[in-house]
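Visitor: The residues making up each chain are set out below.
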Amino acid sequence: MLSRVADSLYWMSRYLERAEHATRLLDVNLNLMLDESATSADRRWLRVLKALGNPKDVEWKGDPYALTRELTFDTSYKASILSCIISARENSRHVREQISTEQWHQLNSLYLHATRPGMQNSLYNSGNNTGTEQPTEFLQQVMEAVHQFQGVSDSTMSHGEGWQFIQVGRYIERATATAMLIEAYHEELWGHIDRPAEGNEYLDWMGLLRSATAFEAYCKVYTADLTPDRILEFLLLDEKFPHSLRFSIDSLQCALEAIQEDSGKSRAEPLRRLAGRLQASLSYTSVDDVMRVDVVGYLREIQVQCRAIHETIYELYVDYSIQAALAG
Amino acid sequence: MSRYTQSSYMQTAQAKQFESDALKNYLLDHAYDEMLAGPGDLRPHYEPLMEHFSSLPPNELQRRKQAADLSFLNQGITFTVYGREEGTEKIFPYDLLPRIITSAEWATVERGLTQRITALNLFLKDIYNEGRILDDGIVPREVVYSCKHFRRQMQGLQVPRNVYIAVCGTDLIRLENGEFVVLEDNLRVPSGVSYMLTNRRVMKRIFPQLFHRYNVRPIEQYTQLLLGTLRSLAPEGRPEPNIVLLSPGVFNSAYFEHAYLARQMGIELVEGRDLVTHDNVVYMRTTNGLRRVDVIYRRVDDDFIDPLAFRGDSILGVSGLFNAYRAGNVTLANAFGTGVADDKALYAYVPDIIKYYLSEEPILKNVETYLLTRKKERQHVLANLDKLVVKAVGESGGYGMLIGPQSTAAEREEFARKIEADPRGFIAQPTISFSRAPCLIGDELEPRHVDLRPYVLYGDKVTIVPGGLTRVALKRGSLVVNSSQGGGSKDTWVLSQ
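Those sequence lines, one after another, are chains X and A.
In terms of the working numbering, the first sequence has 113 at position 111, counting the first letter as 1, and numbering is strictly consecutive.
In terms of the working numbering, the second sequence has 460 at position 289, counting the first letter as 1, and numbering is strictly consecutive.
Source of the hints: derived by calculation from the structure; they are not laboratory data.
We put the beta carbon where it would ideally sit given N, CA and C, even for glycine.
From the structure, some residues in chain A lie toward chain X, with a derived Cβ separation under 8 Å: (1) Val421; (2) Ala430; (3) Arg434; (4) Glu439; (5) Leu440; (6) Arg444; (7) Asp445; (8) Val447; (9) Thr457; (10) Asn459; (11) Leu461.
Here are some of the chain A residues that sit facing chain X, going by a computed Cβ distance under 10 Å: (12) Tyr426; (13) Phe427; (14) His429; (15) Ala433; (16) Val441; (17) Glu442; (18) His449; (19) Arg456; (20) Gly460.
Produce the complete structure using the sequences and hints provided.
Guide: Quick look at the structure:
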């Protein structure tokens, strides 16, 4: 497969995952702010920004709808939902002959819907939520469209090298985003572990789980009894839940191995070592070990590792030096 | 028996009614009409078509037209028109009625095109090597050397099988007497073949019975033939050549065609940035390291293909590609420098070129052409600008043209000035009425001007799939068939008997 094609498929997938994550985060918080909770608006929305990596030039100015609008539609902010959709679609256009017609159709419809003239104004008018449609409706549509795209990808595209690069993009993005999400909540949930519960943290904890689509899955394992260490255990180490860090890294490793098999590469050793080490650190640890040492440090280390894996993938498959390739 | 007679009678009456309804705006003029030999006088090969259409319920044609449009849209056979924020996609304008060519007519076209491409290919070999035709004074040296697309770099270079023109799309028109003549040779990177193929696919879906009734010769083998042609041109000692299609990328208006052909041939679609050269060998960057490339079907113009050899500001090309080509390590189809043979001034010499190399009379004639470097012809042209068509020699796609009868005095003055300043830069031809074929305009049939671009492949031998792209000037009275200027296309049926 051409390196450029792998690059486009990888980023198409990452951008969609990024859009989905931001969409859910906004949707959950727009919904939870309607209820009375211990969390002030400032705390809530600053936390949202933190979970998105504190984007430059995006500021919390006190209006949740204005902030949502910016994070959704502002194309000068390169990780806004609309920017991500545009970038994903642009990447897919470059590999139009590599993806299935159904995939193209799905992604193109999402793009056409999101860029429809007047879309923004029908949602938000002059910063107030006085538009004819609710922002949450739009956010729901985006989430559904991304889910459908994933389903269509799985059922219409050959599960060869290209599909594996889509998996790699999705899970590396998901692992990074989940790690940042937990980190944003860390201070309040585990920062003062000895402080007695005030009774209304419940909504916050639910918000964290729902931001990772994890609420229902958590309840199936631990019942609706929410406790900080169980939440951490679930989001970090659950083996079966698709948004947990462990599951994401397992899936990433699995896709990387498939790619190594496809391209029959012996020089993939550094990548195998890197991904394997990260996988092992999630598979053979316990939540107590993590909490005893340093939760934030542990989460940051995962993000660093993900970045290193990304760079190694590029050195190996996409951006390698010609000299090295000729010698090998 | 009586019922049969009656229904047959009914049908004829219905047919007559349909004809008089549908053809009430079908007015003949001096141009050759593909369907009617005279008022109400249907040419025999169009009879089954009219009979079939007359048997369809009213509005059925419109309904099928919509089905065809939808089919194009779903297949993604579209042009993308980009605005600032949102993109819209338009389908390539398409007419529902097939253009029908009899087997006898096609036989002449096929022989004529084979003769012409053979001679032009010999001409390219000659001028880039010994230059006999120049020594013998058949074609003046200055016409060749002053040509924008002449490539000095090709001098003395041995190309595989001596094939310079692997793919060519020649534009033909029909004169008032019905004779096919050559309007233009496209020897660089002719496009449009994907529309020929997709038009056919849609037609077979929309009119299966009608298609079956006519014995139409197939064209679906085109992509396989193209692949075979490219494979036959691979460098020596590369039995399993790696063939790629080089595209300028997604922003090119023909990108759909590039992706379509690559997919149909099962070859990789590459862009300049996917290729690297090392020690005069071309490689493509894959996830599994570098892979050698042997044949490049390039859809990038000469100028942009190698910033080291040609335009230094090109970002579409591959540095060092030309040297790899010179070294014989990679084949390019078409070769560099083929554009010299489709220069519009050189066009006037093609009949002489055919006679010189093949000692044959040209089977397909040229359109009469005035060379403005000759004083007498120039004076004649300048005095008759309002009756003639003037074309810039290095342009294509309908750009840089003056159509005398439809021009304003100011435009004519401007062209006169340009001609005086650069007589080599222009040629003039009489205004020719292309032939006209029936098109569905609203609910009625109306005649529209058409041309024909058959696609000629030259590898082991010359192959032409029967038919080609019939382009239609959909605006009433218009003579410009280019898609960039309001043209459309229709399926072309070559009959097997």
